[in-house]
Amino acid sequence: GENVEQHPSTLSVQEGDSAVIKCTYSDSASNYFPWYKQELGKRPQLIIDIRSNVGEKKDQRIAVTLNKTAKHFSLHITETQPEDSAVYFCSLNQAGTALIFGKGTTLSVSS
Amino acid sequence: SAVISQKPSRDICQRGTSLTIQCQVDSQVTMMFWYRQQPGQSLTLIATANQGSEATYESGFVIDKFPISRPNLTFSTLTVSNMSPEDSSIYLCSVISGSTDTQYFGPGTRLTVL
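Taken in sequence, the protein lines are chains A and B.
With the working numbering, letter number 42 in the first sequence gets 42, and the count goes up by one each step, no holes.
With the working numbering, letter number 86 in the second sequence gets 1086, and the count goes up by one each step, no holes.
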């Protein structure tokens, strides 16, 4: 089945710095790539997503890039703030199927 | 987005017993799924809950251990049977709603097995 590799597993940055998390996948049929943020004790929340016909998408301080040829996609957070501290999961699927998740990245933003 | 509720929110159970978790959605949804999140880990898909037919299980999960029902388009249950401490996890219901691929998650059920 599909496999999603996510790196790094932990990331520590200073407030105001940028953070980048990268995921690679194997199944070229995957066409939907959402990112979820999970705060301690909470459910995963969708923060941004991208579809296979788009190379980049931005929403304020968050952006996602997709390289279908190389089979990788990345989450970029600029001007990080302490409230960005959480676990971030990349995921993917094909239309109408369940999401498969990466192992997660614990982001710590220190002020 | 769909509003998803789960009951119970948490439970502490004894080894060998079973627990049924309920998932209720405020609107009809096309797809419902059950995930497990072990402590400090990622989300692992248990099964797809199919309305009116048997659930589709992922590798490593079987119906005898995790029976699932989905009697209609807004409700599903997951039973964790003959529990052992290794079943201690958060169990999350998830749905795809409407015409988009967006997948939403319920608040989860935190299960501790002693």
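Be careful, since some hints might not be right.
[Claimed, not checked] A short list of chain A residues far from chain B (calculated; beta carbon distances all over 12 angstroms):
1. S12
2. D49
3. Q60
[Said to hold, decoys possible] Calculated cross-link-like contacts (lysine-lysine; reagent style DSS-like; alpha-carbon spacing at most 27 angstroms):
4. A:K57 <-> A:K71
5. A:K57 <-> B:K1007
6. A:K103 <-> A:K22
7. A:K71 <-> B:K1007
8. A:K37 <-> A:K57
9. A:K103 <-> A:K37
10. A:K22 <-> A:K68
11. B:K1065 <-> A:K103
12. A:K57 <-> A:K68
13. A:K57 <-> A:K103
14. B:K1065 <-> A:K57
15. A:K103 <-> A:K42
No lab work stands behind these hints: they were computed from the structure.
Predicted, not measured: the structure shown is a model, and the values here were computed from it.
Each residue gets a CB set at the ideal place from its N, CA and C atoms; glycine is no exception.
Quick rundown of the hints versus the structure:
no. : hint               : in the structure
1   : S12                : holds (17 angstroms)
2   : D49                : violated (7 angstroms)
3   : Q60                : holds (19 angstroms)
4   : A:K57 <-> A:K71    : holds (17 angstroms)
5   : A:K57 <-> B:K1007  : violated (36 angstroms)
6   : A:K103 <-> A:K22   : holds (11 angstroms)
7   : A:K71 <-> B:K1007  : violated (39 angstroms)
8   : A:K37 <-> A:K57    : holds (17 angstroms)
9   : A:K103 <-> A:K37   : holds (12 angstroms)
10  : A:K22 <-> A:K68    : holds (13 angstroms)
11  : B:K1065 <-> A:K103 : holds (24 angstroms)
12  : A:K57 <-> A:K68    : holds (14 angstroms)
13  : A:K57 <-> A:K103   : holds (23 angstroms)
14  : B:K1065 <-> A:K57  : violated (41 angstroms)
15  : A:K103 <-> A:K42   : holds (17 angstroms)
Violated hints, listed in ascending order, are 2, 5, 7 and 14; each of the other numbered hints is respected by the structure.
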